[in-house]
Amino acid sequence: AIKAMNGQLMGCKKLAEEAIRIEHDVIKECVGIQDQIWSSFGGFNRIKIIEDGDFDVQPVILSSSRRTELFGSLMLFFTGISRFAPEVAKEKVNNMKNCSKNIERMVFMVDEGLNILQSPKSINDIGRLLHESWMLKRELAGGVATPTVDEIYQVARGAGAIGGKLLGAGGGGFMVFFVEPEFQDKVRETLSSLVEVKFDVDKTGSKVVVYEPSGLENR
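Residue numbers for the sequence shown follow our numbering, so the first one is 134 and each next one is one higher.
Think of the hints as simulated: they come from the structure by calculation, not from any bench.
From the three backbone atoms N, C-alpha and C, an ideal C-beta is built for every residue, glycine too.
Among the hints, erroneous ones may be present.
Unchecked claim - Computed Cβ-Cβ distance ranges for the label pairs, DEER-style:
no., residue 1, residue 2, range
1, E184, F211, 31 to 37 Å
2, N139, E315, 50 to 56 Å
3, I135, D189, 42 to 48 Å
4, S196, E315, 18 to 24 Å
Stated by the list, open to error - DSBU-like cross-link-like pairs, simulated, lysine-lysine; straight-line CA separation at most 30 Å:
no., residue 1, residue 2
5, K319, K254
6, K336, K136
7, K181, K147
Assemble the whole structure, with the sequences as input and the hints as a guide.
This is the structure:
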């Protein structure tokens with residue numbers, strides 16, 4: 134919006150790079166870069182993060198019926214727990230060498246998940262993959278899962294959720310669960326103390342809603 138006010142529009146990649154620069158170099162926070170990329174590009178994508186800090190974003194092509202099947206099986210809840218993401222992220226970085234096998238397996242899961250989505254395989258396999266990835270992620274740092282988070286997860290699984298995970302660094306915030314439609318009412322009732330949040334995937338990413346150049350660019 135600040136760039137647009139001065140008559141300049143930014144592409145998705147440039148916007149993500151600038152957001153990453155501000156968070157890492159200006160604010161000095163120890164966080165990842167995937168959130169900045171997701172919010173800049175929007176859509177449903179495969180994001181490859183390269184060692185030199187660059188990244189590549191490729192749209193994931195799904196049929197309309199498969200997309201409906203996937204998102205119709207996801208439920209999002211706010212845990213009511215707030216956390217300071219940089220602290221959790223920093224602990225993950227410090228523990229990375231000890232969890233290299235977990236990380237390698239989680240990287241491999243990306244293409245495994247895409248294969249499930251783009252094939253006739255059961256959509257429930259995504260739920261099982263989500264469960265495995267959460268079991269691996271919670272071992273990356275002590276702050277990823279708390280006793281309360283673990284209890285929420287186990288209760289949801291007991292009510293019918295196949296898998297789930299905390300969004301973001303961990304420790305609190307939002308949890309997403311993969312639940313077959315016939316079990317969603319039971320999960321909803323079981324987690325009635327939490328706030329359920331309806332959601333969808335934005336298709337356009339970050340954009341300026343109203344663009345009226347100020348003329349400052351000509352001064």
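Hint check results:
1. E184 - F211: 31 to 37 Å: Roughly 35 Å apart at Cβ, these two residues keep to the hinted range, so it holds.
2. N139 - E315: 50 to 56 Å: 53 Å, holds
3. I135 - D189: 42 to 48 Å: 27 Å, violated
4. S196 - E315: 18 to 24 Å: Hint holds: Cβ distance 22 Å, inside 18 to 24 Å.
5. K319 - K254: The given pair, whose Cα atoms are some 25 Å apart, holds under the 30 Å limit.
6. K336 - K136: Holds, at roughly 22 Å.
7. K181 - K147: With a Cα-Cα distance of about 16 Å, the restraint between K181 and K147 holds, given a limit of 30 Å.
In summary, the one numbered hint that this structure violates is 3.
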